[in-house]
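Number of protein chains: 2
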Amino acid sequence: MTETNASSGISRLATADADFSARLDHLLAWEGVSDGEVQARVAEILSAVKERGDAALVEASNRFDRLAVADMVELTLDAPRLRRAYEGLPDDQREALAQAAERIRLYHEHQKPESWHYTEENGTVLGQQVMPLDRAGIYVPGGKAAYPSSVLMNAIPAHVAGVREIIMVVPTPDGVLNELVLAAAHLAGVDRVFTVGGAQAIAALAFGTETVPRVDKIVGPGNIYVATAKRAVFGQVGIDMIAGPSEILVISDGGTDPEWLAMDLFSQAEHDEDAQAILVSWDGEHLDAVEAAIDRLLPTLDRHAIVRESLSRRGALIRCRDRAEAVALINRIAPEHLELSVANPEGWLPEVRHAGAIFMGRYTAEALGDYCAGPNHVLPTSGTARFSSPLGVYDFQKRSSIIHCSAEGASTLGRVASVLARGESLTAHARSAEYRIKT
Amino acid sequence: MTETNASSGISRLATADADFSARLDHLLAWEGVSDGEVQARVAEILSAVKERGDAALVEASNRFDRLAVADMVELTLDAPRLRRAYEGLPDDQREALAQAAERIRLYHEHQKPESWHYTEENGTVLGQQVMPLDRAGIYVPGGKAAYPSSVLMNAIPAHVAGVREIIMVVPTPDGVLNELVLAAAHLAGVDRVFTVGGAQAIAALAFGTETVPRVDKIVGPGNIYVATAKRAVFGQVGIDMIAGPSEILVISDGGTDPEWLAMDLFSQAEHDEDAQAILVSWDGEHLDAVEAAIDRLLPTLDRHAIVRESLSRRGALIRCRDRAEAVALINRIAPEHLELSVANPEGWLPEVRHAGAIFMGRYTAEALGDYCAGPNHVLPTSGTARFSSPLGVYDFQKRSSIIHCSAEGASTLGRVASVLARGESLTAHARSAEYRIKT
Numbered sequence: 007m008t009e010t011n012a013s014s015g016i017s018r019l020a021t022a023d024a025d026f027s028a029r030l031d032h033l034l035a036w037e038g039v040s041d042g043e044v045q046a047r048v049a050e051i052l053s054a055v056k057e058r059g060d061a062a063l064v065e066a067s068n069r070f071d072r073l074a075v076a077d078m079v080e081l082t083l084d085a086p087r088l089r090r091a092y093e094g095l096p097d098d099q100r101e102a103l104a105q106a107a108e109r110i111r112l113y114h115e116h117q118k119p120e121s122w123h124y125t126e127e128n129g130t131v132l133g134q135q136v137m138p139l140d141r142a143g144i145y146v147p148g149g150k151a152a153y154p155s156s157v158l159m160n161a162i163p164a165h166v167a168g169v170r171e172i173i174m175v176v177p178t179p180d181g182v183l184n185e186l187v188l189a190a191a192h193l194a195g196v197d198r199v200f201t202v203g204g205a206q207a208i209a210a211l212a213f214g215t216e217t218v219p220r221v222d223k224i225v226g227p228g229n230i231y232v233a234t235a236k237r238a239v240f241g242q243v244g245i246d247m248i249a250g251p252s253e254i255l256v257i258s259d260g261g262t263d264p265e266w267l268a269m270d271l272f273s274q275a276e277h278d279e280d281a282q283a284i285l286v287s288w289d290g291e292h293l294d295a296v297e298a299a300i301d302r303l304l305p306t307l308d309r310h311a312i313v314r315e316s317l318s319r320r321g322a323l324i325r326c327r328d329r330a331e332a333v334a335l336i337n338r339i340a341p342e343h344l345e346l347s348v349a350n351p352e353g354w355l356p357e358v359r360h361a362g363a364i365f366m367g368r369y370t371a372e373a374l375g376d377y378c379a380g381p382n383h384v385l386p387t388s389g390t391a392r393f394s395s396p397l398g399v400y401d402f403q404k405r406s407s408i409i410h411c412s413a414e415g416a417s418t419l420g421r422v423a424s425v426l427a428r429g430e431s432l433t434a435h436a437r438s439a440e441y442r443i444k445t
Numbered sequence: 007m008t009e010t011n012a013s014s015g016i017s018r019l020a021t022a023d024a025d026f027s028a029r030l031d032h033l034l035a036w037e038g039v040s041d042g043e044v045q046a047r048v049a050e051i052l053s054a055v056k057e058r059g060d061a062a063l064v065e066a067s068n069r070f071d072r073l074a075v076a077d078m079v080e081l082t083l084d085a086p087r088l089r090r091a092y093e094g095l096p097d098d099q100r101e102a103l104a105q106a107a108e109r110i111r112l113y114h115e116h117q118k119p120e121s122w123h124y125t126e127e128n129g130t131v132l133g134q135q136v137m138p139l140d141r142a143g144i145y146v147p148g149g150k151a152a153y154p155s156s157v158l159m160n161a162i163p164a165h166v167a168g169v170r171e172i173i174m175v176v177p178t179p180d181g182v183l184n185e186l187v188l189a190a191a192h193l194a195g196v197d198r199v200f201t202v203g204g205a206q207a208i209a210a211l212a213f214g215t216e217t218v219p220r221v222d223k224i225v226g227p228g229n230i231y232v233a234t235a236k237r238a239v240f241g242q243v244g245i246d247m248i249a250g251p252s253e254i255l256v257i258s259d260g261g262t263d264p265e266w267l268a269m270d271l272f273s274q275a276e277h278d279e280d281a282q283a284i285l286v287s288w289d290g291e292h293l294d295a296v297e298a299a300i301d302r303l304l305p306t307l308d309r310h311a312i313v314r315e316s317l318s319r320r321g322a323l324i325r326c327r328d329r330a331e332a333v334a335l336i337n338r339i340a341p342e343h344l345e346l347s348v349a350n351p352e353g354w355l356p357e358v359r360h361a362g363a364i365f366m367g368r369y370t371a372e373a374l375g376d377y378c379a380g381p382n383h384v385l386p387t388s389g390t391a392r393f394s395s396p397l398g399v400y401d402f403q404k405r406s407s408i409i410h411c412s413a414e415g416a417s418t419l420g421r422v423a424s425v426l427a428r429g430e431s432l433t434a435h436a437r438s439a440e441y442r443i444k445t
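First to last, the protein sequences are chains A and B. Residue numbers for the first sequence follow this note's numbering, beginning at 7 and rising by one. Residue numbers for the second sequence follow this note's numbering, beginning at 7 and rising by one.
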């Protein structure tokens, strides 16, 4: 029942196939390769920047980005420079970027957790105080993956959270600056930009140098060196999830235009050769129609070579038996992007346990969410939606527990704590509590 | 102005000292030693359990915990066994444990984030759906650090979050089971316990074996092997922060009984030799009185050897000039536990930017929070309160973005997305959005 189409190379699977589960596992498998050599090189860069600061940072940048700068002054951009980049954009781009930023800001305002407390009968107060981080570092990839939308998505939640200073790093291979990226940094509230990248940029943010201030958390995607460096400094600073390739799972009930669905799959597949686009339906004829649309439209794409590669390597059209099987596939895959291209998508929501973002109905193309709908496009990949969330305001805030015992409350709690502490043989704990017991 | 007291060995510092900043940095410095040898041993254990499952898990447990079991059946405890442990406790311990569990549950109920959404004028719906994890793994250290209170603190937030299955692992060196720990597991809603520990337990939880189900997130403290293993599997599963030694910073305005403060410092210092207890005051005579109380009470402690060691190595009595300097020290240290033993502690709260938990007023001994006040005692250590939070219900839930565009909304957003996507040369994104533009 399985076949490979000669045109797009996308796999056809059916849940009824005997080998379905094994084939799906094979398609989903992905491991970022961080071998011993990468780890050793990253460790070397980290310790060089930790020990020699700016000098090591400049050296590494000259080497890896093919620059010839003398000091960090040449790798620093201040707020006025970012504003000029914004003002210099063509009208349509400037307006589109501003509209996207405003919508992203509005959405993220809804995410702000509030401090709270409650008072018990005896006057004891318990609660939690929410505070923003002092300083956040945003990593933005350079070269072909330098996306202004990523700057908005990473920096705006930090700004909404009330972070005092937002530092951005972006490498400039061969010295090429991306004005759209700088304009986005201006809109998103970035305070300073350093044009450095790779493991050396992560080191500078994690440890601080003479020029680059140490930050409290580093977010943003990067290549295997960046990911390896982030894992190594985790604990010294906070980091976001380590991202794998981008993926989409589309569920179609057969009622959406096959060309729309083909283009939705393409929009995922065009990211890079590792990207994954999967469509699931219980309507076999509909799947044939989508495949025909894929074959017809693929040659018209600007990035058709990348799309063909990623569809043939990691893409799939999957026929399932019914809606229940589709739901089971959603929760098994735990996709980064889930498009519910079905009638009445609300009915599906309570059953969707794992997904980074859910695009509901035939009109909600994933691309709208990538840029301007409002929700964040930094999402858990490779099944990590099982345990992690979209990047949000909550990633740039932290909480402190608040405990204020009244004399009465301390006396009551002291009795309980004393018994438990003695059960753990921690008698100084017990005696500290017992001092507060009224006699 | 600095001196070392012969009795307790605790350091005396003053912010006025020329070398104050360097001495403080030296006292605060702490790095978990995870050298190449530890990493290599952990990598070996992880791959053995990943490849050979139960067999490797049993082998490692026999070896490291000095057991002689034949299979995982002997290392599995079910819910009825946990209930029996609870029912078999002495009355005072059973009641104290139940009261603590109930208060912890009540507090954590306040932390549940809610799903939310809003509807725009054109009918587009945006929001976020909050869901619990399917399965959580709780690591509980064995031997001398097997604390029933830790079981409550780690498992109850997962239970309140609505996690479907809570798995606990706890090593039993030489086969010794701790009935209080099992009783706490019963109270906290743990479903199953495996008596395994170390890197092998982390591997089993992260990858799953024939007997141990793969979990979505692993929380709980452990030794350097456990911490190294958690860092290695981070990304395959979620993990909590990697904990350093426990610490307290007490601020006293001079109005609290010196013996109470001495015992509060002891209650931190008795954990282990790396624990850190620091007291700050602008009242020099008061500091002298606290030091005298330390010297007087220290010999009366059950764990006086550990306390003396940790106070002399990492403890300090610090004289600052004024309240402002005390606040600056709080935010520089970003303590796990902060005791504000002052009149009107509420007035300090808005200025405390970084602290895991804040114990307010003279009656709120940290020990009350360790056991039964309600807030979690799993807190960010070693300055990580700069960017992380107490363990909470939010650690056992995750969010999915919700986007449901109306036809009108998709048309408006499609125009913006199209411009931005073309600016990033992602033309399949643009065309996917453009299909939804009304013409």
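Some clues are possibly wrong.
[Unchecked claim] So these bits of chain A aren't anywhere near chain B, every CB distance computed over 10 Å:
no.: 1; residue: R29
no.: 2; residue: H32
no.: 3; residue: W122
no.: 4; residue: D140
no.: 5; residue: G244
no.: 6; residue: E265
no.: 7; residue: E276
no.: 8; residue: H277
no.: 9; residue: G290
no.: 10; residue: P305
no.: 11; residue: L335
no.: 12; residue: A379
no.: 13; residue: S394
no.: 14; residue: I409
no.: 15; residue: L432
[To be verified] No farther apart than 20 Å at their CA atoms in a straight line, the calculated lysine to aspartate or glutamate pairs in the EDC-like style are these:
no.: 16; chain 1: A; residue 1: K444; chain 2: A; residue 2: E216
no.: 17; chain 1: A; residue 1: K56; chain 2: B; residue 2: E414
no.: 18; chain 1: B; residue 1: K56; chain 2: A; residue 2: E126
no.: 19; chain 1: B; residue 1: K56; chain 2: A; residue 2: D41
no.: 20; chain 1: A; residue 1: K56; chain 2: A; residue 2: E265
no.: 21; chain 1: B; residue 1: K118; chain 2: A; residue 2: E120
no.: 22; chain 1: A; residue 1: K444; chain 2: B; residue 2: E115
no.: 23; chain 1: A; residue 1: K118; chain 2: B; residue 2: D31
no.: 24; chain 1: A; residue 1: K444; chain 2: A; residue 2: D77
no.: 25; chain 1: B; residue 1: K118; chain 2: B; residue 2: E108
no.: 26; chain 1: A; residue 1: K444; chain 2: B; residue 2: E265
no.: 27; chain 1: B; residue 1: K444; chain 2: B; residue 2: E127
no.: 28; chain 1: B; residue 1: K444; chain 2: B; residue 2: E414
no.: 29; chain 1: B; residue 1: K444; chain 2: B; residue 2: E115
no.: 30; chain 1: A; residue 1: K118; chain 2: A; residue 2: E37
no.: 31; chain 1: A; residue 1: K118; chain 2: A; residue 2: E108
no.: 32; chain 1: B; residue 1: K444; chain 2: A; residue 2: E265
no.: 33; chain 1: B; residue 1: K56; chain 2: A; residue 2: E37
no.: 34; chain 1: B; residue 1: K118; chain 2: A; residue 2: E115
no.: 35; chain 1: A; residue 1: K118; chain 2: B; residue 2: E414
no.: 36; chain 1: A; residue 1: K56; chain 2: A; residue 2: D77
[What the hints assert, rightly or not] Footprint (simulated), chain B over chain A, 3 or more residues, beta carbon under 8 Å:
no.: 37; segment: 50-60
no.: 38; segment: 125-137
no.: 39; segment: 153-165
no.: 40; segment: 181-187
Keep in mind that the hints were calculated from the coordinates and are not lab data. Just so you know, even glycine gets a beta-carbon here, dropped at the ideal spot from N, CA and C.
Are the Cα positions of K444(B) and E414(B) separated by 20 Å at most?
holds (8 Å)
Is the nearest Cβ of chain B still more than 10 Å from the Cβ of W122(A)?
Since the minimum Cβ distance to chain B is about 6 Å, W122(A) lies within 10 Å and the statement is violated.
The output says D140(A) does not contact chain B. Does that hold with a beta carbon cutoff of 10 Å?
violated (7 Å)
Satisfaction of hint between E265(B) and K444(A), Cα-Cα up to 20 Å
holds (16 Å)
Take a quick look at whether K444(B) and E127(B) sit within 20 Å of each other, Cα to Cα.
holds (17 Å)
Restraint status (C-alpha distance of K118(B) to E115(A) at most 20 Å):
Judged against 20 Å, a Cα distance of about 19 Å means the pair holds.
Claimed clearance of chain B by H32(A), with the beta carbon kept past 10 Å
holds (18 Å)
Taking the minimum C-beta separation from L432(A) to chain B, is that value above 10 Å?
Label violated. Min Cβ-Cβ 6 Å, cutoff 10 Å.
With a Cβ-Cβ cutoff of 8 Å, does the segment 181-187 of chain A contain at least three residues near chain B?
violated (count 1)
Within 8 Å of chain B's CB atoms, at least three CB atoms from the segment 50-60 of chain A: coverage verdict
With 0 residues in contact (Cβ-Cβ under 8 Å with chain B), the coverage given for the segment 50-60 of chain A is violated.
Consistency of the no-contact label for G290(A), given chain B and a CB cut of 10 Å
Holds: least Cβ distance 24 Å, greater than 10 Å.
Does the claim that P305(A) lies off the interface hold, with its Cβ farther than 10 Å from every Cβ of chain B?
holds (13 Å)
In summary, the numbered hints that this structure violates are 3, 4, 5, 6, 7, 8, 12, 13, 14, 15, 16, 17, 18, 20, 22, 23, 24, 29, 30, 35, 37, 40.
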